[in-house]
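Asks: Sequence:
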Amino acid sequence: MESIIIDHVMKHFLKNDLFSNRQYGFLKGRSTVLQLLRIIDEWTLNLDLGGQIDCIYMDFEKAFDKVPHRCLISKLYSYESNSKIISWITDFLDN
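Be aware that the sequence shown starts at 305, since it is given in our numbering, and climbs by one per residue.
Be careful, since some hints might not be right.
[Unchecked claim] Simulated restraints on C-beta separations:
#, residue 1, residue 2, range
1, Glu384, Asn320, 39 to 47 Å
2, Leu340, Asp398, 24 to 32 Å
3, Gly329, Asp398, 30 to 38 Å
4, Cys375, Lys319, 38 to 46 Å
Quick caveat, the hints were computed from the structure, so don't treat them as lab data.
Note that this is a predicted model, so its numbers are computed, not measured.
Cβ coordinates follow ideal geometry from the N, Cα and C atoms, glycine included.
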C-alpha cells in the first residue's frame, strides 16, 4: 500500500513540475552522483572567482530510523549547534 501512495505522489509531483531543479536522487536522470558533480563545478567556479564556500551536507536516507530522536536533539543542543538548524531537524523528525 505504501509503495502505491509513494508512486501516486511521485507522479503528481512530476506531472505538476513540483520538484526543484536542485532535487536529485530518486528521480530518473538526476542521480546523487550527478548532483555531486554539479555542486563541485559550482564550488570550483566560486573559488576561482575568489569566493568562499560554507557547506553542511547530509544524507537522510534511513538515518533517523536507527537513532532515538530525543537523544539526537539533545546531542545537537549539547554540541551548541545552531538553534535554527536544530529547529529544522526537529520539525523534520516530527512532521
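Asks: Against this structure, judge whether each hint is valid.
Replies: Against the structure, the hints:
1. For the pair glutamate 384 and asparagine 320, the supplied restraint of 39 to 47 Å holds, since their beta-carbon distance comes to about 41 Å.
2. Evaluation of the 24 to 32 Å hint for leucine 340 and aspartate 398 yields a pass: the beta carbon distance comes to about 29 Å.
3. The hinted range of 30 to 38 Å is not satisfied by glycine 329 and aspartate 398, whose Cβ atoms lie roughly 23 Å apart.
4. For the pair cysteine 375 and lysine 319, the beta carbons lie near 40 Å from each other, so the given range of 38 to 46 Å is met.
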